[in-house]
Amino acid sequence: MSGRHPFTLLALAAALPALAWTLPAPWGPAGTFCSALVLCVLTPGASPGLAVARRALLTAAPFWLFLFLLHDRATALAIALRLSTMIASFVWLVAILPPARLVEALVAAGYSAHFAFLFAATLSAVPALRARAQRIVDAQRCRGLATRGGPLTRLRALRALALPLVLSALHEVDERALALETRGLSAGARRTPLAPPPDSTAERVVRWGLVAGCGAGIVARVLWRA
Amino acid sequence: MSIRLLALIPVAVAINLALSAAVDAVNLPLFLDTTGTILGTALAGPVVGVTTGVLTSLTNSFRNPTYLPFVAVQVLVALYAWFAARAGLFRNLKVAVPAGLGLGILAAAASTPISYKIFGCSTSGGVTLMTLLGRKLGMSDIMACAFSAFVSDFGDKAVTFGLVATVLHALPKRTAARFPLALRSIGAA
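Read top to bottom, the protein sequences are chains A and B. According to the working numbering, the stretch in the first sequence is residues 1 to 226, in order. According to the working numbering, the stretch in the second sequence is residues 1 to 189, in order.
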């Protein structure tokens, strides 16, 4: 499955939750949840399938608890199965689809290089800024910043932690802009992907089939309710 | 879109997602996960803000997919911040904090149907507890859900607006002048 085109994987990960919300509960969402779990278990590569399935189940578990606290059994089961389908599908997608491969597919499909840059730069910027936030927290604590006490003390501490983080991030914008201009991103020229993922006719048919299946599910649901 | 504004978007998304470390350190019941969206809008307008909001939801959903349906709230936050920036509502804390309270009400109103329809009001332990409390107080299911959304968003958005106003005033004038809306947001243009 990991060799499939990124758009096929995206279509599958989107179709399962869409079907979970359109098919009648509990059997429809139960079927989509089982399908998503099977996909998780069958995940190849560095992250073993059982670990992916466990991550999906652990992410979904609190919702089951909260839902059974809030609703009657039938409603809680229906919502929990639908949510669990969504969670398992996305956890599977993240495990099986490296962001760089998706970016290659987007560029190959003719999407703007700006679009691909935004996606890739965001994924690399988030962990870097998170690490810096933790360093600022540690540094301010070393300088004796009180992070406990009344709400006003905590708000003042929050300002002392957040301000250097946000200002330092904003000062980086100029450096990033300069680097992008140096690489010719402003020219608007079309980029050629180094390794575009192969896209077969069969996969395109499968993707359109998934879209048609979701559409049919919605129509059937509307007619069934009427 | 200019290259500087393009470079601002990933930074604004990272601000949205990195501030949780600061919030965890002071142990306050806040998210601050729209700070980058509001700041991006106040500096550069709605296109940067909306893109930041959508990318934040997408990136967050890789960690926890339940964030994805709330993308509409991020878009609403960006549009509200745009009106606030054009009206110069970041000129001082006395104006910014009430404007943030207004956004809290709007954000709670926008997130309630999503939370109710998709999650059955179970988005987190705190929200579940607040919904249960609302029911104990005699509210209907949807009103209890709205009550929990209101409690989560009201203070959070006020603090976020205050923080963004502080950042905009702390920016050197030369840096602020490089962004199209920054000086107008703080009432300096």
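Note that these hints are calculated values from the structure, not bench results. If you're wondering where the values come from, they're calculated on a predicted model, not measured in any experiment. Treat each hint with caution, since some may be false.
[Stated by the list, open to error] Covered, in the sense of this in silico footprint (three residues per stretch, anywhere, with C-beta under 8 Å from a C-beta of chain B), are these stretches of chain A: (1) 31-38; (2) 111-121; (3) 194-208.
[As the list claims (entries may be wrong)] Computed Cβ-Cβ distance ranges for the label pairs, DEER-style: (4) Thr192/A / Asp141/B: 49 to 59 Å; (5) Arg63/B / Val41/A: 29 to 39 Å; (6) Ala202/A / Gly102/B: 25 to 35 Å; (7) Arg156/A / Thr175/B: 16 to 26 Å; (8) Gly187/B / Asp174/A: 21 to 31 Å; (9) Val41/A / Asn27/B: 36 to 46 Å.
[Said to hold, decoys possible] Only some residues are given here: those of chain B computed to face chain A with a beta carbon under 8 Å: (10) Leu8; (11) Ser61; (12) Asn64; (13) Thr66; (14) Ala87; (15) Gly88; (16) Thr112; (17) Leu133; (18) Ala170.
Where is the CB? At the ideal position from N, CA and C, for every residue including glycine.
Closest C-beta approach of Ala170/B to chain A relative to 8 Å, hint status
holds (6 Å)
Hint validation: Asn64/B versus chain A, beta carbon distance must be below 8 Å. Holds or violated?
holds (6 Å)
Tell me whether the statement that chain B covers the region 31-38 of chain A is true, taking a Cβ distance below 8 Å and needing three residues at minimum.
violated (count 0)
Restraint outcome when Thr66/B is required to lie within 8 Å of chain A by C-beta distance
The hint holds - Thr66/B has a Cβ within 8 Å of chain A, the shortest such distance being about 7 Å.
Against the range 25 to 35 Å, how does the distance between the Cβ atoms of Ala202/A and Gly102/B compare: consistent or not?
violated (53 Å)
Leu133/B as an interface hint toward chain A, with CB separation required under 8 Å
violated (12 Å)
Could you check if Leu8/B really has its C-beta closer than 8 Å to a C-beta on chain A?
For Leu8/B, the interface hint holds, since the closest Cβ of chain A sits about 5 Å away, which is under 8 Å.
Taking the Cβ atom of Arg156/A and the Cβ atom of Thr175/B, is their distance within the range 16 to 26 Å?
Holds: the Cβ-Cβ distance is about 24 Å, inside 16 to 26 Å.
Taking the beta carbons of Arg63/B and Val41/A, is their distance inside 29 to 39 Å?
violated (21 Å)
Please count how many residues of the region 194-208 of chain A have a CB within 8 Å of a CB from chain B and say whether that reaches 3.
Violated: only 0 residues of the region 194-208 of chain A have a Cβ under 8 Å from chain B.
Between the region 111-121 of chain A and chain B, are there enough contacts, at least three residues with CB-CB distance under 8 Å, for the coverage claim to hold?
Answer holds; 5 residues pass the 8 Å Cβ test.
21 to 31 Å was suggested as the range; check whether the CB atoms of Gly187/B and Asp174/A agree with it.
Roughly 24 Å apart at Cβ, these two residues keep to the hinted range, so it holds.
Hints 1, 3, 5, 6, 14, 15, 16, 17 from the list above are not met by this structure, while the remaining hints are.
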